[in-house]
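Chains as they are written, first to last, in this note's numbering: chain C, 1 to 462; chain Y, 463 to 828.
Note that these hints are calculated values from the structure, not bench results. A quick note: this is a predicted structure, and the numbers were derived from the prediction, not measured. No residue lacks a Cβ here, since even glycine has one placed at the ideal position from N, Cα and C. Heads up, some of the hints might be wrong.
Stretch-level coverage of chain Y by chain C, calculated; a stretch enters the list once three of its residues show a Cβ under 8 Å from a Cβ in chain C [as the list claims (entries may be wrong)]:
| # | stretch |
| --- | --- |
| 1 | 531 to 538 |
| 2 | 715 to 728 |
| 3 | 780 to 790 |
| 4 | 796 to 808 |
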Amino acid sequence: MRTPKNRTKLIDCRGKPPALLENSQSSILAGEFHCLPTSNARFPLTLTLSLREREQLSMLCDVAKFRLSSPRCELPKRSDCTANLRRILPLPLGEGRGEGKDRARRRHGIGLGREASPEGPFGFEAFIISSLRFCRRSLTQRLDAMNLKLVPTLLVAFGILSAQAQKKSYTIGLVAKSQNNPVFQAARVGATDAARDLGGKYGVEIKIDWRTPNEEDAQKQAEAIEQLVLNGADGIAVSCSDANKLTDAINSAVKNGVPVATFDSDAPNSKRFVTYAIDDVKCGEQVMDELARFMGGKGVVAVLAGNQNAPNLQKRVQGVKNAAKKHPGISIRDVYYHKETPQDAAAKVEQVMQANPDITGWAMVGGWPLFTDSALKWQPGTVKCVSVDALPPELAYLRSGHVQLLLAQQVYEWGHRSVELLINKIHLRKDPPNAKDVSALIPVTRENMDAFAKNWEKWLPK
Amino acid sequence: MTSSTADTRPASRPALRLQEGGLLVVICLIGLLLTVFGGTVQRPEFNKNDAGETKKVMVERNKFLNAQNLTNLAKDTSFFAIMAVGATFVIVSGGIDLSVGAVYALASVLAALVLHQFGADGPRSSVSSALSVPLGLAVCLGSATLCGLLNGGMIVALKVHPFIITLGTMTIYRGIAFVITTGQSVGTFPAAFPDLVKWEAFSGLRLVPLLVMVLVTIVGGVYLTRLAAGRRIYAVGGNELASRYSGVRVERVKLSVYVMSGLTAGIAALLAIGYYGSASSGDGAGYELDVIASAVVGGASLSGGKGSALGALLGALIIKMIDNGIVILGIDQSYSRIILGAVVILAVTLDQFNTWLAKRRLTKTV
Chain C
1 MRTPKNRTKL IDCRGKPPAL LENSQSSILA GEFHCLPTSN ARFPLTLTLS
51 LREREQLSML CDVAKFRLSS PRCELPKRSD CTANLRRILP LPLGEGRGEG
101 KDRARRRHGI GLGREASPEG PFGFEAFIIS SLRFCRRSLT QRLDAMNLKL
151 VPTLLVAFGI LSAQAQKKSY TIGLVAKSQN NPVFQAARVG ATDAARDLGG
201 KYGVEIKIDW RTPNEEDAQK QAEAIEQLVL NGADGIAVSC SDANKLTDAI
251 NSAVKNGVPV ATFDSDAPNS KRFVTYAIDD VKCGEQVMDE LARFMGGKGV
301 VAVLAGNQNA PNLQKRVQGV KNAAKKHPGI SIRDVYYHKE TPQDAAAKVE
351 QVMQANPDIT GWAMVGGWPL FTDSALKWQP GTVKCVSVDA LPPELAYLRS
401 GHVQLLLAQQ VYEWGHRSVE LLINKIHLRK DPPNAKDVSA LIPVTRENMD
451 AFAKNWEKWL PK
Chain Y
463 MTSSTADTRP ASRPALRLQE GGLLVVICLI GLLLTVFGGT VQRPEFNKND
513 AGETKKVMVE RNKFLNAQNL TNLAKDTSFF AIMAVGATFV IVSGGIDLSV
563 GAVYALASVL AALVLHQFGA DGPRSSVSSA LSVPLGLAVC LGSATLCGLL
613 NGGMIVALKV HPFIITLGTM TIYRGIAFVI TTGQSVGTFP AAFPDLVKWE
663 AFSGLRLVPL LVMVLVTIVG GVYLTRLAAG RRIYAVGGNE LASRYSGVRV
713 ERVKLSVYVM SGLTAGIAAL LAIGYYGSAS SGDGAGYELD VIASAVVGGA
763 SLSGGKGSAL GALLGALIIK MIDNGIVILG IDQSYSRIIL GAVVILAVTL
813 DQFNTWLAKR RLTKTV
């Protein structure tokens with residue numbers, strides 16, 4: 001009995017929506033299949049096949065036919081399935097390619113035996129069978145001859161593939177402070193280069209997973225660290241926006257077996273195994289000492305200090321104040337904080353200069369205003385300026401004479417060195433000799449700025 | 463008699479509104495995609511043997527569908543979802559609160575300063591945590607509620623658009639937080655406080671943020687839909703003038719929604735400082751937009767009169783799931799803002815389409 005249920009079952013096999021009896025046309029065959037290759041379930045033969053499906057079935061059927069027609073295979077033992085499949089092959093008139101070559105509604109006219117073949121025992125079918133046999137024999141002989149050479153070749157190929165498949169892979173999470181800051185983009189390039197270089201050197205695959213918040217947000221950094229650990233990172237390098245807030249996340253990562261290195265801004269109370277950064281207090285001292293040298297040891301200094309929340313900047317300011325004590329002719333007017341965007345910083349400098357025209361020196365513990373084109377309005381040389389960082393836009397102020405010295409942090413190395421330290425720890429099981437890996441500042445003046453500028457071609461993302 | 467009672471009974475309300483049903487489908491779909499395409503990860507698990515020694519075993523887990531990741535996702539969602547429930551109150555009433563991020567920062571900082579006094583480095587470290595922790599809780603929730611009250615009070619008294627008032631208080635509150643901390647991060651609390659928030663239930667799962675989020679959503683949902691006070695918020699958001707003429711005390715309703723918004727910001731701040739162990743004046747910067755986006759994705763209409771607490775939670779969950787999915791699928795973080803922005807626009811467009819369909823269906827029925 002044909003029921004809607006077993007019709008659905010049939011359709012599932014063929015991947016085609018049901019064709020209703022009343023809607024079906026000439027290619028619908030009355031009757032029932034008694035066998036499918038995968039199932040013996042009985043089902044109604046009411047499907048309408050597409051041209052492609054017919055072709056696929058035809059191929060299946062032809063292969064089965066040739067195999068079954070072999071003299072080794074007795075005709076009575078043939079599967080009914082093939083015969084049944086064969087029944088739906090011929091296309092009736094008006095059904096596309098091959099149309100009208102056979103009678104679609106003929107129930108028993110098409111079979112697999114010699115008696116069923118329209119060409120008879122010596123027809124086209126026999127020719128194909130003998131051709132296939134010839135091909136098979138020829139191929140077998142060739143394979144036999146190649147056998148001795150082929151086996152070792154296959155083994156070597158398999159060995160290479162296995163070695164490739166088993167190549168160790170490490171994922172290093174990189175969490176910088178913010179995406180918008182070009183110094184962290186340089187760190188990212190450094191990390192990617194280190195991954196490529198060290199991967200080649202040690203025969204491992206190293207992937208850098210960059211998970212940096214869009215804007216500075218310690219909570220989002222902590223979330224990123226947690227997600228990286230859950231995602232199976234092998235090591236994490238982080239520049240902390242708020243050391244207190246990240247300490248727990250770092251400790252949790254270490255507890256889960258993921259070593260953490262910090263760069264640029266440290267979390268000293270955490271269980272990170274190493275930090276790669278400048279010594280911030282010494283950096284501040286160097287800024288003040290150099291500025292005092294340019295100012296001839298006397299004058300009024302303003303300190304530009306960026307975000308007051310950043311502990312590393314606070315330390316630099318402390319360094320500036322410490323060094324100022326060594327120069328009795330120098331007085332610090334004030335420390336000016338601002339939102340860490342170039343426009344805000346430039347506005348702050350302008351505002352301070354308007355209110356304090358007697359300022360003769362600027363100690364910038366970060367070079368934020370120098371990213372804009374016209375942040376410094378004074379005549380070159382009238383006010384001396386020393387700033388941390390030497391990014392390409394900042395170099396223009398050296399050229400114009402507004403800034404006397406830039407102290408470049410090795411921002412590319414933040415990423416490169418952090419990955420190197422992590423790979424040493426993870427792959428070579430080697431700890432750094434000191435938990436504080438101090439990075440030196442590179443003095444950039446008008447004399448060496450062109451040579452230094454070439455580095456940025458490599459450091460900035462392409 | 464019986465039949466007449468049956469006739470007058472209101473038609474049964476579906477368990478979930480169509481909007482929320484749609485959000486659930488989206489969440490299930492994203493979850494399914496992340497489960498299938500996220501792959502697996504080897505995670506260490508620490509098992510104790512018979513001798514009592516802890517042994518590290520590497521276990522393969524699906525990257526998305528594992529208890530740790532789901533708990534973490536719930537935790538990340540909780541801070542936004544709790545604030546989004548409060549923001550939904552405001553949005554339903556036809557207002558807007560841009561100061562939630564700043565209230566969050568101020569409440570965090572004030573509570574952190576109080577708790578720091580009783581922490582290991584503080585001058586009152588000897589005081590029992592039974593006193594210090596409730597004091598910290600009271601300061602956090604109280605200050606946030608007060609901020610909300612000030613917002614609402616100014617909006618009602620000055621009759622100025624809430625956008626302007628909350629834009630002003632956003633910078634005022636953050637400025638106060640900056641002045642009282644001098645921009646420094648405040649940490650080191652009595653151990654009992656972070657232990658409470660980071661309480662581990664089963665095999666290291668920290669469920670407190672999740673439980674608080676669910677609780678706030680339930681309370682918010684019940685308030686909005688089951689209490690007369692909640693229905694008045696919809697009335698005011700739907701048509702303020704009509705509500706006034708109907709005897710609804712519009713000013714009181716407006717005041718209450720900003721108090722609710724402040725309170726939820728305080729609850730979120732409390733969880734955040736307990737979980738992360740410190741607070742600074744820079745906390746929660748830009749969160750107001752994420753919170754409003756969560757409420758809007760959850761079906762709240764910025765023109766008022768529409769929205770639900772559950773929708774806000776689901777909206778926040780969708781946003782955080784996308785955030786989580788970006789990490790799991792290894793998509794470059796640089797694209798996260800584009801994806802999130804697109805999702806917000808898509809969700810709101812779908813919401814409008816849904817409303818149009820509903821109206822059309824209603825017109826046809828009539």
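Each hint, compared with the structure:
1. Only residues whose beta carbon comes within less than 8 Å of a beta carbon in chain C count, and the stretch 531 to 538 of chain Y has 3; three or more means the coverage holds.
2. Interface restraint, the stretch 715 to 728 of chain Y with chain C: violated (0 residues with C-beta to C-beta distance below 8 Å; minimum three).
3. Counting residues of the stretch 780 to 790 of chain Y whose CB lies closer than 8 Å to any CB of chain C gives 3, so the stated coverage by that chain holds, three being the minimum.
4. With 3 residues carrying a beta carbon less than 8 Å from a beta carbon of chain C, the stretch 796 to 808 of chain Y meets the three-residue requirement, and the given coverage holds.
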